[in-house]
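Participant: Given chain A, put chain B in place with the hints provided.
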Amino acid sequence: MSQVSVRKVDIAFGSVPVLEQLDLEVAPGEFLVLLGPSGCGKSTLLNAIAGLLGVSRGQVWIGDRNVTWAEPKDRGIAMVFQSYALYPQMTVAQNMGFGLKIAGRPREEVDRRVREAAAMLQLTTLLGRKPAALSGGQRQRVAIGRALVRDVGVFLFDEPLSNLDAQLRNELRVEIKRLHQQLGTTMIYVTHDQIEALTLADRIAVMKDRTIQQLATPEEIYLRPANRFVAGFVGSPAMNFHAGAIEAGKSGPAFRRGELSLPLPDRFRDAGGAVELGIRPEHIVIGTGADALPAAVEMVEPMGAETLVWARVADEPFSLRVEHTVKLRPGDRIDLSFPGENVHVFRAGTGKRL
Amino acid sequence: MSAGAIVPEGPRPRHFGWARLGIYAFLIVAALFFLFPLYVMVLTSLEPMAEIRMGGLLAWPSDPTVEPWIKAWTSACTGLRCEGLRVGFWNSVIITIPSAVLAILLGMINGYALSFWRVPWANWMFAILMFGTFIPYQVLFYPLVRIASTLGLFGNLGGIVFVQVVFALPVMTLLFRNYYASLPEELFKAARVDGAGFWRTWFSIMLPLSGPMLVVACILKVTNTWNDYILGLIFAGRDNLPMTVQLNNMVNSTLGEREYNMEMAATLLTALVPLVIYFVSGRWFVRGIAAGAVKG
Chain A
820 MSQVSVRKVD IAFGSVPVLE QLDLEVAPGE FLVLLGPSGC GKSTLLNAIA
870 GLLGVSRGQV WIGDRNVTWA EPKDRGIAMV FQSYALYPQM TVAQNMGFGL
920 KIAGRPREEV DRRVREAAAM LQLTTLLGRK PAALSGGQRQ RVAIGRALVR
970 DVGVFLFDEP LSNLDAQLRN ELRVEIKRLH QQLGTTMIYV THDQIEALTL
1020 ADRIAVMKDR TIQQLATPEE IYLRPANRFV AGFVGSPAMN FHAGAIEAGK
1070 SGPAFRRGEL SLPLPDRFRD AGGAVELGIR PEHIVIGTGA DALPAAVEMV
1120 EPMGAETLVW ARVADEPFSL RVEHTVKLRP GDRIDLSFPG ENVHVFRAGT
1170 GKRL
Chain B
230 MSAGAIVPEG PRPRHFGWAR LGIYAFLIVA ALFFLFPLYV MVLTSLEPMA
280 EIRMGGLLAW PSDPTVEPWI KAWTSACTGL RCEGLRVGFW NSVIITIPSA
330 VLAILLGMIN GYALSFWRVP WANWMFAILM FGTFIPYQVL FYPLVRIAST
380 LGLFGNLGGI VFVQVVFALP VMTLLFRNYY ASLPEELFKA ARVDGAGFWR
430 TWFSIMLPLS GPMLVVACIL KVTNTWNDYI LGLIFAGRDN LPMTVQLNNM
480 VNSTLGEREY NMEMAATLLT ALVPLVIYFV SGRWFVRGIA AGAVKG
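Residue numbers (my numbering), protein chains in the order written: chain A, 820 to 1173; chain B, 230 to 525.
It is worth saying that the hints were derived from the structure and are not from the lab.
Some clues are possibly wrong.
[As the list claims (entries may be wrong)] The calculated label-pair distances, taken between Cβ atoms and stated as ranges, are:
#	chain 1	residue 1	chain 2	residue 2	range
1	B	T379	A	E928	50 to 58 Å
2	B	F427	A	L1002	30 to 38 Å
3	B	A254	A	E990	58 to 66 Å
4	B	Y507	A	R931	47 to 55 Å
5	A	S834	B	I257	55 to 63 Å
6	B	F432	A	E928	43 to 51 Å
7	A	V835	B	R429	30 to 38 Å
8	A	D984	B	G426	46 to 54 Å
9	A	P1121	B	R429	41 to 49 Å
[Claimed, not checked] Taking lysine-lysine and the DSSO-like style, the derived pairs with C-alpha atoms no more than 27 Å apart in a straight line are:
#	chain 1	residue 1	chain 2	residue 2
10	B	K418	A	K920
11	A	K1027	A	K996
12	A	K827	B	K418
13	A	K1027	B	K418
[Claimed, not checked] Here are some chain B residues the structure puts well away from chain A; computed CB gaps all over 10 Å:
#	residue
14	L261
15	V400
16	S482
Just so we're clear, the structure is a prediction, and the values are computed from it rather than from any experiment.
All residues carry an ideal CB built from backbone N, CA and C; glycine is no exception.
Next up, chain A with everything else stripped away, as it sits in the complex:
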């Protein structure tokens, strides 16, 4: 395992800047996920760490070496791609052993390491097959195996599960996590899927517009998003947002928008002005507390274990998540309370968390 350090890196495609002044420190053995919408620069960053893309400014360090000018093969990294990128004319074993073969390792060593990696990923029976004769999940396992064989300090994953169907994605996600626990290798993982990010990461770097918006543990990102973008991007179903203003009332600060008046904890007393209020569907509670507000159910989406309920409070729409045992129908009237510790308030305009 090695640490990875990206220092003040700029990357531009022609005159279009893709990354600007980017700093990132990944600890040895850490699982770091780069999360963001497409075009945010996360894949570019990964390619720069891999050495597939040069930087316009700044340095990349892996382990204790400055690898800014080093070729990918000399950086001590292995990479797994979204489209698997298996060599179609080679068998699984040849695919996995290609890197070692080029490096001029003896045949026995290549064979041994391919077999070890194959055993780890349950690929042993497939070693003689060509990629065309494999399913999508098997192909991606082979691609992971190819990375494994290289026996390096850092693994880079570029959206490895995006081409798979939902069930396979879950299976392989677990497999990658198990692999990380077994190997203890540093892993950097690019995805736009927040579930993957939350389940796999030790830390998540949420990216947007060429910069890292927030770098923190999954729990921190979920519970205390640093800004409006992170709050909206992480969490499913998405957070409820309403633009309005904070007003100081008799009994403390409150969020106001039209008819809606929502009491807020004391910490927002001095926050006044235009803000955006956010609360996750799973944090809205039915029918408790003195400050519960009356609501009308508009629509109900059963999702198996849970049900997503769309309701209006003082004419403003909110979605909330309830247990499947709670039976509600459109037109029902309920009371909703909004626990202060789970209410997020962002400054309008900048989007910064208050």
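Facilitator: Positioned in the frame of chain A, the structure of chain B alone reads:
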């Protein structure tokens, strides 16, 4: 529902309408248009001169003979020499094989470099190369003759191969560049992470995937070189004149009676190589042209 009514079920019945009839009629006429001359040529080449003199262009020969074919191949006069077309045939073979191999190889490497590697000014180079495709090459003959003769490549085998390769490069590069551009770029990245360099990546990864385009390039280049007349006439030199040039000499330098049967046979012999290539590889050709990405 009344008994006996047709209930729609299973495949919809096909209708043979007027439109379809028109299409078939057109196709048949078009086919005849191309096949008729071929038919006449084959017939004539199998008839003795006596029968030809009687007319009867379309009648099956009463006394078919392969004599004209043998004569065309072994003893017809092409200009001053009377050794038949076989000399030209072997000249054409000797010109075509190295030209095709070199042009395809260089075009392939060019296309590979242009599509995967960050060559400085790659787009400009490609644009200039493309411009080369559209230049009518008659414009270049005079300077090219001067260049070739300075390099000692005029009027010999090396000269004609050199010229054939140079003129084919833009198209070959275009073919392979576009084909490689259709392959997933991640394949190339994976090879780079695995430590494969420029040549290793090309040889181990890209070359084995180039099959469909190789077939297309081969057909294009071989038929093109085989059918070439003007380049061979100018650059090949007297001893290496290709089959097309010798055929022309033969047909144009007849003394006395024109031997239609022998000339037909000679023409068919010259056309045989491209014809065979088209027949044998037609299917691969279409497959190569239609080949999309090879998704692993």
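Participant: With reference to the structure, classify each hint as holding or not holding.
Facilitator: Right, here's what the structure says about each hint:
no.: 1; hint: B:T379 x A:E928: 50 to 58 Å; result: 55 Å, holds
no.: 2; hint: B:F427 x A:L1002: 30 to 38 Å; result: 32 Å, holds
no.: 3; hint: B:A254 x A:E990: 58 to 66 Å; result: 59 Å, holds
no.: 4; hint: B:Y507 x A:R931: 47 to 55 Å; result: 51 Å, holds
no.: 5; hint: A:S834 x B:I257: 55 to 63 Å; result: 60 Å, holds
no.: 6; hint: B:F432 x A:E928: 43 to 51 Å; result: 23 Å, violated
no.: 7; hint: A:V835 x B:R429: 30 to 38 Å; result: 32 Å, holds
no.: 8; hint: A:D984 x B:G426: 46 to 54 Å; result: 37 Å, violated
no.: 9; hint: A:P1121 x B:R429: 41 to 49 Å; result: 56 Å, violated
no.: 10; hint: B:K418 x A:K920; result: 17 Å, holds
no.: 11; hint: A:K1027 x A:K996; result: 25 Å, holds
no.: 12; hint: A:K827 x B:K418; result: 25 Å, holds
no.: 13; hint: A:K1027 x B:K418; result: 25 Å, holds
no.: 14; hint: L261; result: 44 Å, holds
no.: 15; hint: V400; result: 26 Å, holds
no.: 16; hint: S482; result: 53 Å, holds
Hint compliance for this structure: hints 6, 8, 9 are not met, and every other hint is.
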